[in-house]
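Visitor: Going by the working numbering, the first residue of the sequence shown is number 1458, and it counts up by one from there.
Worth flagging that the hints you see were computed from the coordinates, not collected in a lab.
It cannot be assumed that every hint is accurate.
[Unchecked claim] Keeping only pairs whose Cα atoms sit at most 27 Å apart, straight-line, the calculated DSSO-like set for lysine-lysine is:
hint	residue 1	residue 2
1	1537	1557
2	1572	1537
3	1551	1592
4	1609	1475
5	1531	1609
6	1528	1551
[What the hints assert, rightly or not] Derived DEER-like restraints, expressed as beta-carbon distance ranges:
hint	residue 1	residue 2	range
7	1539	1484	31 to 37 Å
8	1570	1513	45 to 51 Å
9	1539	1609	21 to 27 Å
10	1559	1585	33 to 39 Å
Cβ atoms here follow ideal geometry from the backbone N, Cα and C, with glycine treated the same way.
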Amino acid sequence: MASDPESINFLDLACLFKIGDDTTLERFGSTINASVFDAANITGSLKQKGLIDFTAYYPGPNSMVVTDAGKKLKADADSKSSEALDSLDEEILKHMSGGKRFPTELQSTLNIRPKDLAFHIYKLFKQSYLSYELKNGNVELMLTEQGFLKAKPAQTIQVPKMPQPPMPVQAAPEEMPQQEGSQAGTEQMTQPIKLHGKPRSKLPIAIAVVIVAVAAVYYLYTYMPGVLPAI
1458 MASDPESINF LDLACLFKIG DDTTLERFGS TINASVFDAA NITGSLKQKG
1508 LIDFTAYYPG PNSMVVTDAG KKLKADADSK SSEALDSLDE EILKHMSGGK
1558 RFPTELQSTL NIRPKDLAFH IYKLFKQSYL SYELKNGNVE LMLTEQGFLK
1608 AKPAQTIQVP KMPQPPMPVQ AAPEEMPQQE GSQAGTEQMT QPIKLHGKPR
1658 SKLPIAIAVV IVAVAAVYYL YTYMPGVLPA I
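Let the hints inform the model, and build the full structure from the sequences given.
Guide: Laid out in structure tokens, this is it:
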């Protein structure tokens, strides 16, 4: 059994899945892409946590086997990997898109137990949101295209404002212009017609002619009696 099951991290889980039936202690370093020194440290950590066991024959080869605790850990990881993504998974993807590449960085940032983080990283791997690579005694995480699109902040969709329909303009009734025109015409008709200049009348002219003729006859008859014939 593991001395501290909660101390299991994703590096332990990733290395555990690399151990097959024909894996040997001497070639375990090349299997996980690590130096002999790094491979020895990882092997000792897995042994101490009760996840693997191996023989100690000299000069070897020495076989490596996954213990019951290790098999249960793998089964739990596979079981949880089929679950739907939750807020923690999305937070992991978000931090990875911001530049986090190692589980230790995610663990210090999110401040969660390494075993829980290991299960969530493995779930994201199984669902093709990220991939990982074992090298130099460590594990490096990389987002896939699907993971990058998932981690990209959702853009606020700006719904274009629908133009409000214009208020219907109440057209004036057709009778109104006609009424205005007829009213204007009526006003013009009711106003007195102003004649330009002085009005001419034949009657005053005739009276003036008669007066002038009478005055002329009176003048001739009075002052020049010989001009007019005797009446």
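Visitor: Now tell me if each hint is right for this structure.
Guide: Now the hints, each set against the structure:
| no. | hint | result |
| --- | --- | --- |
| 1 | 1537 with 1557 | 23 Å, holds |
| 2 | 1572 with 1537 | 12 Å, holds |
| 3 | 1551 with 1592 | 24 Å, holds |
| 4 | 1609 with 1475 | 31 Å, violated |
| 5 | 1531 with 1609 | 30 Å, violated |
| 6 | 1528 with 1551 | 31 Å, violated |
| 7 | 1539 with 1484: 31 to 37 Å | 32 Å, holds |
| 8 | 1570 with 1513: 45 to 51 Å | 32 Å, violated |
| 9 | 1539 with 1609: 21 to 27 Å | 24 Å, holds |
| 10 | 1559 with 1585: 33 to 39 Å | 20 Å, violated |
Violated hints for the displayed structure, listed by number in ascending order: 4, 5, 6, 8, 10.
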